[in-house]
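If you read the sequences in order, they're chains A and B.
The end of the first sequence is residue 381 by this note's numbering, with every number in the run present.
The end of the second sequence is residue 327 by this note's numbering, with every number in the run present.
Hints were generated in silico from the structure; no laboratory data involved.
Everything numeric in this text was worked out from a predicted model, so none of it was measured.
Hints may contain errors.
Derived coverage of chain B by chain A (criterion: at least 3 residues anywhere in the stretch with Cβ under 8 Å from a Cβ of chain A; other residues may be distant) [said to hold, decoys possible]:
(1) 135-144
(2) 239-248
Label-pair restraints from in silico Cβ distances [said to hold, decoys possible]:
(3) A:260 - B:131: 51 to 61 Å
(4) B:46 - A:326: 28 to 38 Å
(5) B:186 - A:175: 33 to 43 Å
(6) B:45 - A:196: 32 to 42 Å
Built from N, CA and C at the ideal position, the CB exists for glycine as well.
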Amino acid sequence: MRWVNGAALILAAVMPFILPEAYLYIFGLAYIFAVMVISWDLMVGYTGQVNLGHTTFVGLGAYVAALLQTPLRTGIAMHPAVSIIAGGAAASAVGLAIGIITLRLRGYYFALVTAILPLVFMQTVFIWRELFGGEEGFAVENTLFTTTLEKYYFSLVVLVVSFILMKKIVDSRIGLRFMAVRDSEELAESLGINTTRYKVLAFVLTSFFAGIAGAMVVNYRFTVSPELYGVPLMLLIILSAVLGGLGTLYGPLIGAMVIYLAKNWWLGDIIRTFSLPINDEIVLYAILIAVGILMPEGLYHEIKERWVKSNKQ
Amino acid sequence: MIETLIKIFLFGAVVGGIWGLVASGFSLIFGVSRILNFAHGAAFVSSAFLAYALVNEGYSLYFAVSAGLMLAAVIGVVVYALTKPVRDREVMVIIVTLAFALLVQQVLLVLFGDRGVSIEPFVEGVAEIGGVKVTHMRLLSLALAVICLTALEVFITKTNLGKKVMATAQDSRAAMMVGIDIEKIFLFVMVLSSLLAGFAGILYAQIFAVNPEVSLRALIYAFAIVILGGLGSLRGSIAASFIVGYILVITITFLGARWSEFVMLLTIVAILVVKPTGLFGVEE
Numbered sequence: 069m070r071w072v073n074g075a076a077l078i079l080a081a082v083m084p085f086i087l088p089e090a091y092l093y094i095f096g097l098a099y100i101f102a103v104m105v106i107s108w109d110l111m112v113g114y115t116g117q118v119n120l121g122h123t124t125f126v127g128l129g130a131y132v133a134a135l136l137q138t139p140l141r142t143g144i145a146m147h148p149a150v151s152i153i154a155g156g157a158a159a160s161a162v163g164l165a166i167g168i169i170t171l172r173l174r175g176y177y178f179a180l181v182t183a184i185l186p187l188v189f190m191q192t193v194f195i196w197r198e199l200f201g202g203e204e205g206f207a208v209e210n211t212l213f214t215t216t217l218e219k220y221y222f223s224l225v226v227l228v229v230s231f232i233l234m235k236k237i238v239d240s241r242i243g244l245r246f247m248a249v250r251d252s253e254e255l256a257e258s259l260g261i262n263t264t265r266y267k268v269l270a271f272v273l274t275s276f277f278a279g280i281a282g283a284m285v286v287n288y289r290f291t292v293s294p295e296l297y298g299v300p301l302m303l304l305i306i307l308s309a310v311l312g313g314l315g316t317l318y319g320p321l322i323g324a325m326v327i328y329l330a331k332n333w334w335l336g337d338i339i340r341t342f343s344l345p346i347n348d349e350i351v352l353y354a355i356l357i358a359v360g361i362l363m364p365e366g367l368y369h370e371i372k373e374r375w376v377k378s379n380k381q
Numbered sequence: 044m045i046e047t048l049i050k051i052f053l054f055g056a057v058v059g060g061i062w063g064l065v066a067s068g069f070s071l072i073f074g075v076s077r078i079l080n081f082a083h084g085a086a087f088v089s090s091a092f093l094a095y096a097l098v099n100e101g102y103s104l105y106f107a108v109s110a111g112l113m114l115a116a117v118i119g120v121v122v123y124a125l126t127k128p129v130r131d132r133e134v135m136v137i138i139v140t141l142a143f144a145l146l147v148q149q150v151l152l153v154l155f156g157d158r159g160v161s162i163e164p165f166v167e168g169v170a171e172i173g174g175v176k177v178t179h180m181r182l183l184s185l186a187l188a189v190i191c192l193t194a195l196e197v198f199i200t201k202t203n204l205g206k207k208v209m210a211t212a213q214d215s216r217a218a219m220m221v222g223i224d225i226e227k228i229f230l231f232v233m234v235l236s237s238l239l240a241g242f243a244g245i246l247y248a249q250i251f252a253v254n255p256e257v258s259l260r261a262l263i264y265a266f267a268i269v270i271l272g273g274l275g276s277l278r279g280s281i282a283a284s285f286i287v288g289y290i291l292v293i294t295i296t297f298l299g300a301r302w303s304e305f306v307m308l309l310t311i312v313a314i315l316v317v318k319p320t321g322l323f324g325v326e327e
């Protein structure tokens, strides 16, 4: 595994020397998107709690960071590095509050409540239009970087750091407890694990990374808009993680890259070439349904199984 | 003042009746097959849109409504087929039904655009009750909703098939052992619930306007209702739907429609903090 990681990292590092700038821009955004996907995997794949409101925290991080670094809106001009951390912190604080209320209950309440969170937070943008800028959002000032090259490398660094942190978490004793909660809550509890505490911890961590990713998007695109709260983004995250394979981190990472590049690069072109009477969302949702039914374990497990089988022969 | 009160009283009941049709089906599906059907709103909007399209094409209203209901039933069958292979995986059931709901929403967006559409009402005319003008259609929809919900309650508690449904909801394995074909019951409940949602969608489109986005919005109200009434409790969700209807109408009257999602979330959070099992729920 180690040489694959190294090769991928080297490939990502030399990408700017091969690719034209326009594609580099998309790749950088794909890295930030991957942070959203792997952090979702931490909650759903490792801890087994169905979080349907991940974009709530992406949006929260984005708006908090954008407001803190745009003096035109709030009169506050924080350093973007501080505002990005603040975005993550705000997201995890909201995650903590919601987690404490919903995660002490077993079963379906968490999924139900998180499913409606993005729809609710989306409305805040319209209710306090003066502050949040309504559907158009607003331009963000004092951004961290200006050139595409800088942005690309910074997103890559954030992805690598987030990935290593999450890998360390899931490999640690805490990660083992997350998985114990996922596999059997009763059993975990009988072993003396405070399941509620670990579920809430996982939710706070996952929200933190989502908030950071949201704040990164704002600093990357120089604008903030309510689509960051959106359900389509949520489904894109779910699709990437499910396609890659839940509970593996590597699978969702690869899934995120493939899906993001597909959506922003090839898919639109293919549909236009054949002039199909559909939009790319329909194709993605259909793929998600198909993957969910036919291959619920995801590509990672599928490939691993084949690999093991072929090695035995 | 008194007029505002009458208005809230009447309109809250109308809205409550419509969401009651949606939420009772949602609750029934969950109670019987432990499936959280995120695609429940899809039956609601698609039947309304099909009826709208057929009326526009010049077909009679009643034909259009029947066709809309047929489509809702078909969506019920599709959801049954989609969830059957993944029923043991809670995560996948949610993901597949949510994806299907969004798929339907996008198809409707491509076909009809994102503006709201209304269907010609069953009855025209306006009645005046205590100085408040109410369209006959609103009163009729309340009456129809109450009739449907009562019929559902009677069906579940009194008829043979209804008792089989109840038995499956209480313990599907035991139901299987006494010779109930639970697959048939699952399919039947899915179709019945989708029909109720489809009918609610048609009534809603005759009073207000539907757009494809309502498919997800409807879920917020359905969730608030089933959590307030207690997950899986049919009677609870019927009672809760009227409470939620009143909360909705009061919010819209005094704060504006933008706040309705917010207030729904606060309602849900308040219930989860104070009484997580809901008003009529049972401990699992």
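List in ascending order the numbers of the hints, as given earlier, that are violated by the structure. 2, 3, 4
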